[in-house]
Amino acid sequence: MEYLTTIGLEVHVQLRTASKMFCSCPHRYGAPPNSQTCPVCLGYPGVLPVPNRQAIEWTMLTGLMLGCRIARYSKFDRKSYFYPDMPKNYQISQYDLPLCEGGYVEVDLENGDTKKVGITRIHLEEDVAKSTHHSTTSAIDFNRAGTPLMEIVTEPDIAGPEEAYAFLTSLKQILTFGGVSDCNMEQGNIRCDANISIRPVGQDGLGVKTEIKNMNTFSGAQRALAYEVERQKEILNSGGRIEQETRRWDDVSGTTELMRSKEDAHDYRYFPDPDLMPMVVDEAWISRLTAEMPELPRTRKARFERQYGISPYDAGVLTADPELALFYEAAAAGSADAKAAANLVSNLLLHALAEAGMEIGSSPVRPEHITSLVNLVAEGTISSQIAKDVFAVVFETGRGPEEIVRERGLVQVQDTDQIRTWVRSVIEENPGPAADFRAGREKAIGRLVGAVMKASRGKANPQLVNEVLREELTRGGV
Amino acid sequence: MSERTANGMDIDYVAQLARIGLTPAERAKFQGQLEAILGAMRKLDELELEGIEPTAHAMPVHNVWREDRAREWDVKDAALRNAPARMQDSIQVPKIVDTSG
Ligand SMILES: [Zn+2]
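Chains as they are written, first to last, in my numbering: chain A, 698 to 1175; chain B, 19 to 119.
Don't take every hint at face value.
With a cut-off of at most 25 Å between alpha-carbon atoms, the simulated SDA-like pairs for lysine to any residue come out as follows [what the hints assert, rightly or not]:
no., chain 1, residue 1, chain 2, residue 2
1, A, Lys785, B, Ile114
2, B, Lys113, A, Ser732
3, A, Lys910, B, Asn81
4, A, Lys1036, A, Ser1059
Don't read these hints as lab results, they were simulated from the structure.
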């Protein structure tokens, strides 16, 4: 039987604030256990939480980037919680008056279409501590407890595991461009839960859904959802019934396992936190944030294609990361050929960085190096083949391309007489291809050009080589 | 076993949600106290509340927050001394198994 899949996601995003959500403890990853704690985030009696204004503002900014309505009146609520990773026995969250509602994320589908995945709401809450489980005990590190966590809830608009992956990738790009989160998956900056159901094609109502927790990477989420679709299909195909339950994804075994069933669903007993005053957002604040809003990845991609005449693929690569986009724009600014600059960055530079295990932020090649390489080729000073070699030296040494070209005598040979000398000896040494070309096999010239380039150690101007070769081959005609 | 009284108070359910065990004597005592509180709140039902905006706080104050500045508290050792058990620099608790309900 054919089934349709329906997925809704809850994405938890850690904001990149300097301090925690309700206390002034540093918000820093990798510090020694429990060193980033204070009486507030340890839940001591008599302490008072004070919200971090930056976290509230970044949540609003996220809402604006996703086209949400920003609440004019919002509040924090207490959610009852009985695990040791939240020492107050409640988590401060937002219940009925979240900071943002509505909105969407545009997702590119494999068939080339663009789809809008609806956003239900975005609210702000505090993260819980990190637990490490041992055989009979668990160890708790409260460094993460009380750090600002934004929860983005989607509509059940996602039609499959691949679409979920594409959604998460687009969302991450927007969040990174907005500078609200580092979205570092290894550090758990972005994690998600999902609601997923399937139904036979033709059935109107949605099927019974299960909730999948503990998906910590985007590829893990895609695999978890694909596994769950198959699990549900098998049950339905064998005449079974899907239970409404919460299942936990185990990334190592690649399976989901039952956590709890909905029969004993939580009663969180939300109520407004009397320690925290409501938030009132005025038009002026929203206007200021709107004005400060960065150019979104999709808008930037379209502009790159238009402004620099580069392919949609290259534009996509160059706008995948805000720092890379800035780098490219700086490199293209003074370049005689913006397309060539895009090639150098998206092919040579990204490849070299990946090989060296480096990020664009620590690149030894600077945007101005790309600009001069492009211009050296455009002026005919060096060939594009030599440009690749010069690039490798720039990457290794961080020195400027002009300097390297001058020092190593890599300036392109434009001297026709010199080129003619190479051409003549190459024709003499390669009678076969020369005869083939004279016999009308146009392609044979490629081997001869290659041989001349080799003889010149890459320094001959390839266009001139081509011209002189044709002259010499026809002159010596049959 | 548990049931709601006329005042809408299911003491066993409330105790279960709060993760506390009650003796029969405590059960009777708290049932009476909580019902009295609910009864007091019912006075609101007598008021004409049409057109009154719900409020999230008793004080007419809003937008109380701080700037995003971090400082070190250096309370780790004191906190760990207060913990019932520790494992190196972590607080040790009975193993957490999600059988919540
Ligand atoms: Zn703290």
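Status of each hint after checking the structure:
1. Pair hint Lys785(A) plus Ile114(B) holds up; C-alpha atoms about 16 Å apart against a cutoff of 25 Å.
2. The straight-line distance between the Cα atoms of Lys113(B) and Ser732(A) is roughly 22 Å, inside the 25 Å bound, and the hint therefore holds.
3. Among the hinted pairs, Lys910(A) with Asn81(B) is inconsistent with the structure: their alpha-carbon atoms are about 34 Å apart, more than 25 Å.
4. As the CA atoms of Lys1036(A) and Ser1059(A) are separated by approximately 23 Å, the hinted pair is consistent with the 25 Å bound.
Of the numbered hints given earlier, the model fails hint 3 alone.
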